[in-house]
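K.L.:
One letter stands for each residue in the lines below.
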Amino acid sequence: MKDFIVPGEVLYAEPRRFDGSFVEDNQTFSSVLSVKYDDKVVPLKGKYTPVVSDYVIGVIKEERFSGYEIDINSPYEGTLSSRDLRESFEVGQVVSAVIRAVDEVNEALLVEPRKLWGGHIVEVESVKIPRVIGRNNSMVMMLEQYTGSRIFVGKNGRIYVKGGNAALALLAILKIAKEAHVHGLTDRVKAFLEEEYRKAGKTPSASSSLLSEPAEAREERDESMP
Amino acid sequence: MAREADIVDEIRAEYVKDVLKNGQRVDGRELLAYRPFSVQKGVFPNAEGSALAKLGDTQVAAGIKFDILEPFADRPTEGVFTVQCEFLPLAHPTFEAGPPNENSIELARIVDRGIRSGECVDVEKFFIEEGKVLGLFVDLYVLDHCGNLSDCASLAAMAALTDAKIPKVEEAKIVRQEYSGALPLQRLVLSSTFEKINGTVLLDADGDEDAASEGRLVLAVSDDGFLCASQKSKRAAFHAEEILALFDLAKDKTAPLFRAIKA
Amino acid sequence: MEKEKKLIVDGKRADGRGMEDLRPLSIKAGVLKRADGSALIEWGRNKVLAAAYGPREVFPKHLSNVHKAIINCRYAMAPFSSIEEHGRSGPNRRAIEIGKVAKHVFENIVLTKQFPKTQIDISMEVLQSDGGTRVAGITAASVALADAGIPMKDLVQGVSLGRVEGQLVADLDKYEDNQGEADVPLIVSLRSREILLFQQDGMLTKEELARMFEMGFKGAEAVRAVQVQALKDRYYGPHELNEDG
Numbered sequence: 057m058k059d060f061i062v063p064g065e066v067l068y069a070e071p072r073r074f075d076g077s078f079v080e081d082n083q084t085f086s087s088v089l090s091v092k093y094d095d096k097v098v099p100l101k102g103k104y105t106p107v108v109s110d111y112v113i114g115v116i117k118e119e120r121f122s123g124y125e126i127d128i129n130s131p132y133e134g135t136l137s138s139r140d141l142r143e144s145f146e147v148g149q150v151v152s153a154v155i156r157a158v159d160e161v162n163e164a165l166l167v168e169p170r171k172l173w174g175g176h177i178v179e180v181e182s183v184k185i186p187r188v189i190g191r192n193n194s195m196v197m198m199l200e201q202y203t204g205s206r207i208f209v210g211k212n213g214r215i216y217v218k219g220g221n222a223a224l225a226l227l228a229i230l231k232i233a234k235e236a237h238v239h240g241l242t243d244r245v246k247a248f249l250e251e252e253y254r255k256a257g258k259t260p261s262a263s264s265s266l267l268s269e270p271a272e273a274r275e276e277r278d279e280s281m282p
Numbered sequence: 253m254a255r256e257a258d259i260v261d262e263i264r265a266e267y268v269k270d271v272l273k274n275g276q277r278v279d280g281r282e283l284l285a286y287r288p289f290s291v292q293k294g295v296f297p298n299a300e301g302s303a304l305a306k307l308g309d310t311q312v313a314a315g316i317k318f319d320i321l322e323p324f325a326d327r328p329t330e331g332v333f334t335v336q337c338e339f340l341p342l343a344h345p346t347f348e349a350g351p352p353n354e355n356s357i358e359l360a361r362i363v364d365r366g367i368r369s370g371e372c373v374d375v376e377k378f379f380i381e382e383g384k385v386l387g388l389f390v391d392l393y394v395l396d397h398c399g400n401l402s403d404c405a406s407l408a409a410m411a412a413l414t415d416a417k418i419p420k421v422e423e424a425k426i427v428r429q430e431y432s433g434a435l436p437l438q439r440l441v442l443s444s445t446f447e448k449i450n451g452t453v454l455l456d457a458d459g460d461e462d463a464a465s466e467g468r469l470v471l472a473v474s475d476d477g478f479l480c481a482s483q484k485s486k487r488a489a490f491h492a493e494e495i496l497a498l499f500d501l502a503k504d505k506t507a508p509l510f511r512a513i514k515a
Numbered sequence: 046m047e048k049e050k051k052l053i054v055d056g057k058r059a060d061g062r063g064m065e066d067l068r069p070l071s072i073k074a075g076v077l078k079r080a081d082g083s084a085l086i087e088w089g090r091n092k093v094l095a096a097a098y099g100p101r102e103v104f105p106k107h108l109s110n111v112h113k114a115i116i117n118c119r120y121a122m123a124p125f126s127s128i129e130e131h132g133r134s135g136p137n138r139r140a141i142e143i144g145k146v147a148k149h150v151f152e153n154i155v156l157t158k159q160f161p162k163t164q165i166d167i168s169m170e171v172l173q174s175d176g177g178t179r180v181a182g183i184t185a186a187s188v189a190l191a192d193a194g195i196p197m198k199d200l201v202q203g204v205s206l207g208r209v210e211g212q213l214v215a216d217l218d219k220y221e222d223n224q225g226e227a228d229v230p231l232i233v234s235l236r237s238r239e240i241l242l243f244q245q246d247g248m249l250t251k252e253e254l255a256r257m258f259e260m261g262f263k264g265a266e267a268v269r270a271v272q273v274q275a276l277k278d279r280y281y282g283p284h285e286l287n288e289d290g
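Chains as they are written, first to last, in the numbering used here: chain H, 57 to 282; chain G, 253 to 515; chain R, 46 to 290.
A few of these clues could be false.
Said to hold, decoys possible - Think about it this way: if two alpha-carbon atoms lie no more than 30 Å apart in a straight line, the pair counts; the simulated DSBU-like pairs of lysine-lysine are:
hint	chain 1	residue 1	chain 2	residue 2
1	H	K92	R	K263
2	G	K273	H	K171
3	H	K246	R	K78
4	H	K234	R	K277
5	R	K277	R	K73
6	R	K277	H	K58
7	R	K73	H	K92
8	H	K117	R	K51
9	H	K117	H	K96
10	R	K251	R	K50
11	R	K251	H	K92
12	R	K113	H	K117
13	R	K219	G	K425
14	R	K78	H	K234
15	R	K73	G	K293
16	G	K425	R	K51
17	R	K251	R	K145
18	H	K58	R	K50
19	G	K273	H	K255
20	G	K306	R	K51
21	H	K58	R	K198
22	R	K78	G	K293
23	R	K50	G	K425
24	G	K273	R	K198
25	H	K58	H	K246
26	G	K425	H	K231
27	R	K277	H	K231
28	H	K58	R	K51
29	H	K117	R	K158
30	R	K73	G	K514
31	R	K50	G	K420
Source of the hints: derived by calculation from the structure; they are not laboratory data.
Whenever a hint applies, use it, and build me the whole structure from the sequences.
P.N.:
Here is the structure:
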């Protein structure tokens, strides 16, 4: 059974601490819209707050003496320290990176930046990212299989899609984000992908991209799904 | 000083341009097609006329109020017609509260000029007595900015005018919520707004296309086929033949919008 | 003006309501695409649009607080919102005061310490007014904040109370408000039973005020049910609600 939860409702009669909740008088209350299944609480909305070791997709926002400021789809900025860098970036460049540290005001130090070229970014609620990835990467793998696109999922709610039928991959990702909380998601997404191909009179393997598709190492993909 | 436009907007603009290279739009529309639109009249019955227009995700509300004013000295027997526009801070992440800026003034002026030069409202009928005339205020409220504010605003303004009633005036005072009749309109005027991106012209930009646009042409046409007001905006230029062809297109493309207002 | 017109006859108000009855109330969440969260409330003839942005970077930067998010709150009436003359654009002195007390409500319930060095912007735009717009606006803004995923201690709401022809009434319309002898807008947290906004005009006895608070908390329960339904409808169409997870 599933309950729709609004801010201020009692979730547990004892204190538990997790995102989307707060503790008062030894009870745990919800602080955001959530769904409660059995004993598990899943927030429906919320902005991304940086967490150490998350893989994120950012956009270079500003160059500074000490390095770069990165937009990470969050109220907080990421920074790349020039000490860690061997290459330079232009403002507007899309990069993937890993969060090494987060300071007391939630600013994130990023490392291992990698430039992403020639694809598209789509943004979804960061709380929906686990559904986009799927259990053991199952959802991402299905999307890649049907669309022929390469898909990099940032924990910060940004997804980078490159090559293949990118437009279809983007539509499917938006569908996942919109219906993440409704039962039977995987089957519905699969039916959607098959229907789109049937309409286009194509088979998944015959798909082609609208956009340029420069060669890029396939092994990068695996880093996207930690 | 305004909040700087999100750097991420530029990335999205790049995406729009890439897709447009193949003659396609991100949302799958034809280049010269409007998004789905709707007009709802009489949404704010406290006002003497009102409407909510939606064009895709863009939403603009319009309200009409009448007040008794002093006429302008050079036109002592004519009423006063004013269009104002507010970009509410809730309509876009970069909008801020404050006095009108160049964008909101430009938008109000475009709508105003179209209605004024189309002589939609007969201000000579607004004379009450010496030193007193009716003033008609059209307030445009931008609620959600997802591209093409000009057409959505002109649709809202015109729909609100067709919804408007002239208040009853007794002893040179307005009796609120009582009316002497519908506001007569001599003709209707609506705009079609074209954007130029990498040399490609498209109609009715959505939010990302709006950000990507390099040139804009607003053409306000009347339901009897006149061009009533025009505005070339942004950096990119247009050719004379282009503008003439777009005038014909504007007449075609506004036809269903006029029908919706008259319905 | 119309002095002879009685507002309460045989225990019924001019529009047929009983003393504690609220006007028809509906809320729709997620009505704006750009805003992080939004809601439209229609309450009697009131129509108020509320929206929330944030938490986001503070602008200008020097205003930021390293311990918590700052909250900005705007309440304004559209120039065409009233039955009377064309109004001025933007907030006037009354509206600025309302924006400020509304801000204090949200400073209380938003978990601002989770988002240091950020700001949260709340707008309440009154598109049509008919008495009780501040309460309607804050009730809608609370839904907009929840819709934006901004963490809060509770979903807050309220009603306006007043005294008309010697009788205590809930949810006054504009006419009752203009003719009334006292006026008390109230915003509460039902979870903590705290009063978060309280303003008052007109002379009241202690008993009257106590009774108004009681009526306020009772009214708030009905309002909260509408808020919760609005948020539920945003995520589950009516048919999807029964689908088992």
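K.L.:
Hint by hint, note whether the structure agrees.
P.N.:
Hint check:
As the CA atoms of K92 (chain H) and K263 (chain R) are separated by approximately 28 Å, the hinted pair is consistent with the 30 Å bound. A C-alpha spacing of about 24 Å is found between K273 (chain G) and K171 (chain H), which places the hinted pair at or below 30 Å, so the restraint holds. Restraint check: the Cα-Cα separation between K246 (chain H) and K78 (chain R) comes to about 27 Å, which is no more than 30 Å; the hinted pair holds. Annotation: proposed proximity of K234 (chain H) to K277 (chain R) holds, straight-line Cα distance about 14 Å (limit 30 Å).
With a CA separation close to 10 Å, the supplied pair K277 (chain R) and K73 (chain R) stays within the 30 Å bound. As the CA atoms of K277 (chain R) and K58 (chain H) are separated by approximately 12 Å, the hinted pair is consistent with the 30 Å bound. Restraint check: the Cα-Cα separation between K73 (chain R) and K92 (chain H) comes to about 23 Å, which is no more than 30 Å; the hinted pair holds. Our distance criterion of 30 Å between C-alpha atoms is broken by K117 (chain H) and K51 (chain R), whose separation comes to about 65 Å.
Restraint check: the Cα-Cα separation between K117 (chain H) and K96 (chain H) comes to about 38 Å, which exceeds 30 Å; the hinted pair is violated. Note on K251 (chain R) and K50 (chain R): the hinted pairing holds, with a Cα-Cα distance of about 29 Å set against a maximum of 30 Å. Distance restraint check for K251 (chain R) and K92 (chain H): the Cα-Cα separation of roughly 43 Å exceeds the 30 Å cut-off, and the hinted pair is therefore not satisfied. As the CA atoms of K113 (chain R) and K117 (chain H) are separated by approximately 24 Å, the hinted pair is consistent with the 30 Å bound.
A distance of roughly 21 Å separates the Cα atoms of K219 (chain R) and K425 (chain G); the hinted pair therefore holds under the 30 Å criterion. Between K78 (chain R) and K234 (chain H) the CA atoms are separated by roughly 14 Å; this keeps the pair inside 30 Å, and the hint holds. Distance restraint check for K73 (chain R) and K293 (chain G): the Cα-Cα separation of roughly 19 Å lies within the 30 Å cut-off, and the hinted pair is therefore satisfied. For a cut-off of 30 Å, the pair hint linking K425 (chain G) to K51 (chain R) stands: about 25 Å separates their Cα positions.
Our distance criterion of 30 Å between C-alpha atoms is met by K251 (chain R) and K145 (chain R), whose separation comes to about 27 Å. About 53 Å separates the Cα atoms of K58 (chain H) and K50 (chain R), which puts this hinted pair outside 30 Å; it is violated. For the given pair, K273 (chain G) sits about 24 Å from K255 (chain H) by alpha-carbon distance, which is consistent with the 30 Å threshold. About 42 Å separates the Cα atoms of K306 (chain G) and K51 (chain R), which puts this hinted pair outside 30 Å; it is violated.
Restraint check: the Cα-Cα separation between K58 (chain H) and K198 (chain R) comes to about 22 Å, which is no more than 30 Å; the hinted pair holds. For a cut-off of 30 Å, the pair hint linking K78 (chain R) to K293 (chain G) stands: about 22 Å separates their Cα positions. As the CA atoms of K50 (chain R) and K425 (chain G) are separated by approximately 22 Å, the hinted pair is consistent with the 30 Å bound. At roughly 49 Å between alpha-carbon atoms, K273 (chain G) and K198 (chain R) are farther apart than 30 Å, so this suggested pair is violated.
Proposed proximity of K58 (chain H) and K246 (chain H) is supported: the alpha carbons are some 24 Å apart, at most 30 Å. At most 30 Å may separate the alpha-carbon atoms for a hinted pair to count; K425 (chain G) and K231 (chain H) exceed this at roughly 57 Å. Pair hint K277 (chain R) plus K231 (chain H) holds up; C-alpha atoms about 19 Å apart against a cutoff of 30 Å. At most 30 Å may separate the alpha-carbon atoms for a hinted pair to count; K58 (chain H) and K51 (chain R) exceed this at roughly 51 Å.
Pair hint K117 (chain H) plus K158 (chain R) holds up; C-alpha atoms about 26 Å apart against a cutoff of 30 Å. Between the alpha carbons of K73 (chain R) and K514 (chain G) the distance comes to roughly 28 Å, so the proposed pair stays at or under 30 Å and holds. Only pairs whose Cα atoms come within 30 Å are accepted, and K50 (chain R) paired with K420 (chain G) is accepted, the gap being roughly 22 Å.
Checked against the numbered hints given earlier, this structure breaks hints 8, 9, 11, 18, 20, 24, 26, 28; the rest are met.
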